[in-house]
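Trainee: Make a model of the complete structure from these sequences and hints.
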Amino acid sequence: MRPLLGFIAGLTFGIGLIISGMADPAKVLNFLDIFGVWDPSLAFVMGGASVTAFVGYRLVWRQNAPTIGHAFDLPESNAIDAPLLTGAAIFGIGWGLGGFCPGPAWTALALGSAGIFLFLPAMLIGIVLGGAAKSLSIFTAKGT
Amino acid sequence: MGPVVTTEFTPWLSLFGGALIGLSAVMVMGLFGKIAGITGITKGLTGLLPGADGPDDRGWRLTFLLGLIAAPLAVMLATGSFPQQTVPDDLTGMAIAGLLVGVGTALGSGCTSGHGVCGLARLSPRSLSAVVVFVAAAVLTTTLIRHAI
Chain A
1 MRPLLGFIAG LTFGIGLIIS GMADPAKVLN FLDIFGVWDP SLAFVMGGAS VTAFVGYRLV
61 WRQNAPTIGH AFDLPESNAI DAPLLTGAAI FGIGWGLGGF CPGPAWTALA LGSAGIFLFL
121 PAMLIGIVLG GAAKSLSIFT AKGT
Chain B
1 MGPVVTTEFT PWLSLFGGAL IGLSAVMVMG LFGKIAGITG ITKGLTGLLP GADGPDDRGW
61 RLTFLLGLIA APLAVMLATG SFPQQTVPDD LTGMAIAGLL VGVGTALGSG CTSGHGVCGL
121 ARLSPRSLSA VVVFVAAAVL TTTLIRHAI
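These protein sequence lines are chains A and B, in that order. Here the first sequence is numbered in the numbering used here, starting from 1 and rising by one per residue. Here the second sequence is numbered in the numbering used here, starting from 1 and rising by one per residue.
Mixed in with the good hints there might be a few duds.
Per the computed footprint, the stretches of chain A lying under chain B, defined by three or more beta-carbons under 8 Å from a beta-carbon of chain B, are [what the hints assert, rightly or not]:
(1) 3 to 12
(2) 16 to 27
(3) 70 to 79
(4) 82 to 95
(5) 108 to 115
(6) 132 to 140
Honestly, the hints are just simulated from the structure, not real lab data. Each residue gets a CB set at the ideal place from its N, CA and C atoms; glycine is no exception.
Mentor: Given below as structure tokens:
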């Protein structure tokens with residue numbers, strides 16, 4: 001049952017990315033180009049998604065546990081620390097350069113552009129490297 | 001990174017698509033009790049995320065990614081045409097961009113979905129900080145590339 005439900009959730013997410021315009025790098029880059037050909041559409045994507053999740057989360061958290069699973073597994077860290085801020089800045093540079101964040105990178109795969117065949121493998125390598133960098137001494141000191 | 005393509009402002013489609021993304025995040029929370037962060041799900045696939053090694057856990061993560069991959073095909077079946085996208089044609093730039101996105105999201109423990117959608121829905125100050133930083137960095141990068149270089 002888990003694999004099927006996971007597939008349906010992923011498909012819903014992906015169709016949402018496509019309908020919203022978030023899956024098209026041109027639209028993402030134009031959203032980021034505030035001082036140029038600004039297209040504010042993606043603010044509506046973030047608004048629609050986070051408000052839906054805000055309300056929906058509070059509804060599902062009324063249950064004692066998820067339907068398939070033992071407990072709700074929420075991030076424990078509240079630290080606004082060096083790995084978080086450094087990582088976010090590096091991610092932002094890559095996002096502003098290519099116009100893809102991780103979700104749209106997956107939905108772009110089947111559309112077969114040349115760019116995605118370089119972006120996606122590089123992203124997977126980056127995730128492995130970034131995970132390793134997290135354990136470097138400059139990032140393991142406890143944040144505030 | 002290639003020519004600038006103008007795009008049309010689509011508030012209603014974007015709002016509706018965004019709501020579907022939010023719905024998916026609620027499904028993942030309600031069904032599996034997890035945050036629908038694409039970075040986390042991708043990481044779980046590579047077996048790097050602590051606690052992601054259980055076969056059950058991988059069971060939904062892999063198919064979630066397959067669902068993302070299948071989404072443009074579903075749109076094609078429903079509308080008769082593949083979704084439009086314009087991908088930058090500077091291939092070296094795209095490889096560098098991919099590497100930065102991977103390193104940054106792994107180091108910062110999340111991306112537009114985990115920190116953006118799910119973190120903001122949880123009213124997490126940590127996620128809000130990440131969102132402010134990555135949007136600012138992205139705006140600065142695109143602005144420099146399009147208007148300064």
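Trainee: Run every hint past the structure and note whether it holds.
Mentor: Going through the hints against the structure:
Judged by the Cβ-Cβ criterion of 8 Å, the segment 3 to 12 of chain A is covered by chain B as claimed, because 10 of its residues qualify and three suffice. Residue count for the segment 16 to 27 of chain A with a Cβ under 8 Å from a Cβ of chain B: 12. That meets the three needed, and the coverage hint holds. Given a C-beta distance limit of less than 8 Å, the hint that chain B covers the segment 70 to 79 of chain A holds, as 9 residues qualify and 3 suffice. Under a criterion of three residues with beta carbons nearer than 8 Å to beta carbons of chain B, the stated coverage of the segment 82 to 95 of chain A is upheld, 13 such residues being counted.
With 7 residues having a beta carbon nearer than 8 Å to a beta carbon of chain B, the segment 108 to 115 of chain A meets the requirement of three or more and the stated coverage holds. For a cut-off of 8 Å, the count of residues in the segment 132 to 140 of chain A with a CB near a CB of chain B stands at 3, and the three-residue condition holds.
Comparing the model with each earlier hint shows no violations; every hint is respected.
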